[in-house]
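Student: Dock chain B against the given chain A, drawing on the hints supplied.
Protein chains in written order, with my numbering: chain A, 54 to 855; chain B, 77 to 419.
Wrong hints could be hidden among the right ones.
Unchecked claim - Cut-off 30 Å, straight-line C-alpha distance, at most; resulting in silico cross-link-like pairs (DSSO-like, lysine-lysine):
1. A:562 with B:198
2. B:263 with A:562
3. A:673 with B:186
4. A:488 with B:298
5. A:568 with B:198
6. A:569 with B:186
7. A:568 with B:180
8. A:749 with B:198
9. B:298 with A:569
Worth flagging that the hints you see were computed from the coordinates, not collected in a lab.
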Amino acid sequence: MNLSMKWLNDYVRADMQIEEFSRGMTMSGSKVEKWVDLSAPLEKIVCGKVVKIEKHTDSDKLWVAQVDAGNGSSVQIVTGAQNVTEGALVPIVLEGGVVLNRTDGSVMKIKRGKLRGVESMGMMCSFDELGLSHEDLPYADPDGILILDNDPEADKLTLGMDITEFLGIKDIAVEFEITNNRPDCLSVIGLAKETSATFNLPMNLKQPEFSGAIQNSKDSQSNSALNLKVKIENRELCSRYMAAVVKNVKTTPSPRWIAERLRASGVRPINNIVDITNFVMLEYGHPMHAFDKRYVAGNEIIVRNAFEGEKITLLDGEERVLTAQTLVIADADKPIAVAGVMGGEYSGIMTDTKEIVFESACFDGVSIRKTAQRIGRRTESSARFEKGIDPANAATALLRALELIEELGCGEVVKTIIDEDYSNKEPVRIKHNPKKINAILGSDISWDGQIEILKRLGFKYENGCVIVPNIRTDIRLECDLAEEIARIYGYNEIPSTLPRLISGGEVSKEEIFEKKTGIILQGQGCHEMTTFSFISQKAYAKARLRESDSKSVVIRNPLGEETGVMRASMLPSMLEVIARNYNNRNPGGRFYEIGAVYIPCENQLPNEQKVLCIGLYGEKEDFLTLKGIIEEFFERLGIKPDFSALLSNNSYHTGRCAEITCDNEIIGVMGEIHPFTAENFGIVGRVYSAELKMGKLMQHSLDVAKFRALPRFPSMKRDLSLLCPEETTAGELSRIITENAVNLEQIKLFDIYSGPQVPEGMKSLSYELIFRKADSTLTDEETDSVISKILKALEQKDIKLR
Amino acid sequence: MIKDILDKIDVLRDSVLSSIRDGCNLKDIDDVRIKNLGKKGELTRVLKQMGNLSEEERPVVGAKANEAREMLEEAITERVSELKLRECELNIKKETIDVTLPGKRFTGGKSHPMSIVLNDLKEIFRSMGYTVVNGPEIEETRFVFDMLNTPAGHPARDEGDTFYVSDDVVLRTQTSSVQIRTMLEEKPPIAIISPGRVYRRDEVDATHSPVFHQCEALVVDKNITFADLKGTLETFMKRLYGDSVRLRFRPHHFPYTEPSAEVDLSCFKCNGVGCPFCKGEGWIEMLGAGVVHPVVLQNCGIDPEIYSGFAFGIGLERITMMRYEIDDMRLLYENDIRFLRQF
Numbered sequence: 054m055n056l057s058m059k060w061l062n063d064y065v066r067a068d069m070q071i072e073e074f075s076r077g078m079t080m081s082g083s084k085v086e087k088w089v090d091l092s093a094p095l096e097k098i099v100c101g102k103v104v105k106i107e108k109h110t111d112s113d114k115l116w117v118a119q120v121d122a123g124n125g126s127s128v129q130i131v132t133g134a135q136n137v138t139e140g141a142l143v144p145i146v147l148e149g150g151v152v153l154n155r156t157d158g159s160v161m162k163i164k165r166g167k168l169r170g171v172e173s174m175g176m177m178c179s180f181d182e183l184g185l186s187h188e189d190l191p192y193a194d195p196d197g198i199l200i201l202d203n204d205p206e207a208d209k210l211t212l213g214m215d216i217t218e219f220l221g222i223k224d225i226a227v228e229f230e231i232t233n234n235r236p237d238c239l240s241v242i243g244l245a246k247e248t249s250a251t252f253n254l255p256m257n258l259k260q261p262e263f264s265g266a267i268q269n270s271k272d273s274q275s276n277s278a279l280n281l282k283v284k285i286e287n288r289e290l291c292s293r294y295m296a297a298v299v300k301n302v303k304t305t306p307s308p309r310w311i312a313e314r315l316r317a318s319g320v321r322p323i324n325n326i327v328d329i330t331n332f333v334m335l336e337y338g339h340p341m342h343a344f345d346k347r348y349v350a351g352n353e354i355i356v357r358n359a360f361e362g363e364k365i366t367l368l369d370g371e372e373r374v375l376t377a378q379t380l381v382i383a384d385a386d387k388p389i390a391v392a393g394v395m396g397g398e399y400s401g402i403m404t405d406t407k408e409i410v411f412e413s414a415c416f417d418g419v420s421i422r423k424t425a426q427r428i429g430r431r432t433e434s435s436a437r438f439e440k441g442i443d444p445a446n447a448a449t450a451l452l453r454a455l456e457l458i459e460e461l462g463c464g465e466v467v468k469t470i471i472d473e474d475y476s477n478k479e480p481v482r483i484k485h486n487p488k489k490i491n492a493i494l495g496s497d498i499s500w501d502g503q504i505e506i507l508k509r510l511g512f513k514y515e516n517g518c519v520i521v522p523n524i525r526t527d528i529r530l531e532c533d534l535a536e537e538i539a540r541i542y543g544y545n546e547i548p549s550t551l552p553r554l555i556s557g558g559e560v561s562k563e564e565i566f567e568k569k570t571g572i573i574l575q576g577q578g579c580h581e582m583t584t585f586s587f588i589s590q591k592a593y594a595k596a597r598l599r600e601s602d603s604k605s606v607v608i609r610n611p612l613g614e615e616t617g618v619m620r621a622s623m624l625p626s627m628l629e630v631i632a633r634n635y636n637n638r639n640p641g642g643r644f645y646e647i648g649a650v651y652i653p654c655e656n657q658l659p660n661e662q663k664v665l666c667i668g669l670y671g672e673k674e675d676f677l678t679l680k681g682i683i684e685e686f687f688e689r690l691g692i693k694p695d696f697s698a699l700l701s702n703n704s705y706h707t708g709r710c711a712e713i714t715c716d717n718e719i720i721g722v723m724g725e726i727h728p729f730t731a732e733n734f735g736i737v738g739r740v741y742s743a744e745l746k747m748g749k750l751m752q753h754s755l756d757v758a759k760f761r762a763l764p765r766f767p768s769m770k771r772d773l774s775l776l777c778p779e780e781t782t783a784g785e786l787s788r789i790i791t792e793n794a795v796n797l798e799q800i801k802l803f804d805i806y807s808g809p810q811v812p813e814g815m816k817s818l819s820y821e822l823i824f825r826k827a828d829s830t831l832t833d834e835e836t837d838s839v840i841s842k843i844l845k846a847l848e849q850k851d852i853k854l855r
Numbered sequence: 077m078i079k080d081i082l083d084k085i086d087v088l089r090d091s092v093l094s095s096i097r098d099g100c101n102l103k104d105i106d107d108v109r110i111k112n113l114g115k116k117g118e119l120t121r122v123l124k125q126m127g128n129l130s131e132e133e134r135p136v137v138g139a140k141a142n143e144a145r146e147m148l149e150e151a152i153t154e155r156v157s158e159l160k161l162r163e164c165e166l167n168i169k170k171e172t173i174d175v176t177l178p179g180k181r182f183t184g185g186k187s188h189p190m191s192i193v194l195n196d197l198k199e200i201f202r203s204m205g206y207t208v209v210n211g212p213e214i215e216e217t218r219f220v221f222d223m224l225n226t227p228a229g230h231p232a233r234d235e236g237d238t239f240y241v242s243d244d245v246v247l248r249t250q251t252s253s254v255q256i257r258t259m260l261e262e263k264p265p266i267a268i269i270s271p272g273r274v275y276r277r278d279e280v281d282a283t284h285s286p287v288f289h290q291c292e293a294l295v296v297d298k299n300i301t302f303a304d305l306k307g308t309l310e311t312f313m314k315r316l317y318g319d320s321v322r323l324r325f326r327p328h329h330f331p332y333t334e335p336s337a338e339v340d341l342s343c344f345k346c347n348g349v350g351c352p353f354c355k356g357e358g359w360i361e362m363l364g365a366g367v368v369h370p371v372v373l374q375n376c377g378i379d380p381e382i383y384s385g386f387a388f389g390i391g392l393e394r395i396t397m398m399r400y401e402i403d404d405m406r407l408l409y410e411n412d413i414r415f416l417r418q419f
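Just chain A, same shape as in the assembly (with noise of 0.2 Å):
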């Protein structure tokens, strides 16, 4: 909402600074986002009259004219232009004035100077170069000087005069931000009455009145001066149309005080009827509109939803088809508007239109709201409509409405107006209860002091009960006085307290093991990344994921394809991440996330899991540096997992990929990324990735550590180099070797080695074995009987030593 200052002086007195007034509202809720100078950056331009013009000596185009500035002051200026006449009105920038570039609007300072060896002591200007256009002042010559002798309002001028203040330019705009629950504050009169709240300033408002020059007779509406039927058939969505008709129209520019208070609010000046129904509109802020009565067929105007497939063209020059749902006023035949939206162009006002009839209604918020959406066009009416509307103000604003009519000359008003009238008008009370009012509020205001505070804001007491002004729609609770009464008085002068709350903060379980979870990761170099839970349908076949694993949670109206589905998988994130970091030249890098899947379930809600998800790529990755994160991370949390290859899932490499088990129960799977995979995806070069259940780690996981006791008798140290078919795997060697020895303190295989000095088939592994014993040192008997039970079964499975 733009609020022209002066149109707000009509009403209220707001004197002070702009800097207050603006810091006042914000604090009292009608926050200000910002103010603009409307005269800005014009300077020192007043209005001349050419008391000489002569041809400057030295050349063909310039003249010289002499000027009277007012107060007997004379100055020289030399011009191009060829319109000035002796005797003429003009605007005059002095020296040190500022005025605009007509070429680019840019500023431009206005110095004394030479031309052609002629003084000239200033400059007349054009509109243009006031930030005017031609529809601001029609009767000027766009190539020429601004001849004010021809503005209607000549008479009003004299020598001397701030010219921006003549032509209604010198004003502040002040843009709101209004919340939905006010739209009452979307006028010139909601917000005087806000600032006279606020700054508790009186108000200057009269209730409208105009006089009708064609009277009726009383049976009212088969009177043949009015003319019209007006029938809702809606009432849900309709609970009040006004209609009222003018006769003998002259449509003419309007008056400079209706332009610039529109042109101030952002709403461009047409012609005096259109600018009427904008000026009540912005001034009551109820919208209105204006039909041409010749092409409202049968001299009828029904509310009714209109008929699917219907058509209209409406004043945007665009054709729309409507659906059933949507509200019109029509004629006998066809509709003529789209209701609270928007007018048909066919009914609307031209410059020959002798009869017109007003509208001033009510319609449901809800369905405006919907209907400006279905037909893709927000009006400052639809804006207003959608967020509910004070019946009683619609007749206020056509009262308004027939008074400009009459003000203005521009048409005789018909006495008699339409009514039809189904709104519920009585005003809503509240008990008013001040304790109560402080012990919401955590506050001390005395009854005085609310009952004042309310009286302000046009609130009236009647038997400890608070009368709410019809057009404060949104007042109805206890709650809602409370947050009048605190606005006014100030938030900020109700004081600072703090609860005594009995509950002790309690951190979950699942919270300390992501932290732990986090730590553990970071430790080994790994960077937690945040990213989008939704993905495209599309990534997963990217990611080569199965169909079972790729069904989502479908979003009905997602922003795109790109973010059409809930993730049901954590690597296709994954691999976007490191395909970004692949593209933007990082050579390499180490990813985590503890994120969301979104698994479909029928009829209840999706089940949304967490999944712990590693990402690694760069040149010192491999197979066995992700694996070591992973085992370091199940030591760390006290899990023992199995691993064992997996060759079914596609995503991977499927001579790289391990599938992860505790207890028989999958807890996750890791490897390298298929190559196919990382082609998707964008990426030259190997990509690991792991995949883990947090709630299954979390399930296997010890809470604390077990302290084991610091060895105190001397440990004992083995070499097995052994000598085994191809096939045979780690797991399994180093499986045979646990379990069939005694004392085994740790296991470490040092060395894998196949080539020349091993037969065909075969490959060799050399293991370092630590033994010890816990209450005794051992001896070497010992020792050797172990690794001599150890050897033979080793050697049952054709494992050899070397």
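Tutor: Below, chain B without anything else, positioned relative to chain A:
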């Protein structure tokens, strides 16, 4: 005879002294010691000649020999420490390094900046007695809207603003749904924070994202007031930003709170004077807050005549971006490692 021995001792002493002085490393000195003072050394050899001396003369020679031994040992000790010092100094000189060389480090991974901030929030609230509660992100409309006094037809429910899965299931637009679930399950007193992901249909740009994070707080008990809300937020903000920050409460509107407020923080760059960071206003818009609307309490089976509450919600992205002066929200979700390493 005795004179002869005594002279020999003198000669030996002087010669050994000079070789100690001449010895230029520890080994030389050790050799000198073994050669002259050892069990089979020169001094012992000289003393062996004492056998020919009388009972009276022996102590004289013995005393002389001991005197010489002591002197020499002292000289050796002195020379050794001298040499050790010299050797050490030499080594130190040799081993001197350029202390401005870069260190060898192992760089661990880092927490995402939003995690760091969220963690701070959780710690602060926990210390104030709040419990962290989570809830589903894909949520029923009744928990996201209806019970929060946002009935069907309300603009917030438009498909232009909210992601729908079906008519009655949406991606939650705020974590207030968790508050509703908590109020339905638990009896006051309630003091919770509900951090988590929320979703709104905003296109991605420098200040918007269709997925973002909120941390909302709810307190419900007897006699909870707007003043309690103010005090709580002041305490929280001072813990987060330091004691010098000031808060400003402005009236605002939310369907689920009444009275409602928007809360501004004095600009921590200019301390409220006005600077480019706060666009000259001196204040930065931080969060929305209010006294829980009685209808919301009623919807959750809590009697608004007995209980009252307050709630507020903070955007995690916003405070993260402000804390680290990150100028583009997209960076938070791009996860470029050069970005992630910075926090």
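Student: With reference to the structure, classify each hint as holding or not holding.
Tutor: Going through the hints against the structure:
no. : hint             : in the structure
1   : A:562 with B:198 : holds, 15 Å
2   : B:263 with A:562 : holds, 22 Å
3   : A:673 with B:186 : holds, 19 Å
4   : A:488 with B:298 : holds, 15 Å
5   : A:568 with B:198 : holds, 12 Å
6   : A:569 with B:186 : holds, 13 Å
7   : A:568 with B:180 : holds, 28 Å
8   : A:749 with B:198 : holds, 25 Å
9   : B:298 with A:569 : violated, 37 Å
The structure fails hint 9 only (numbered hints given earlier).
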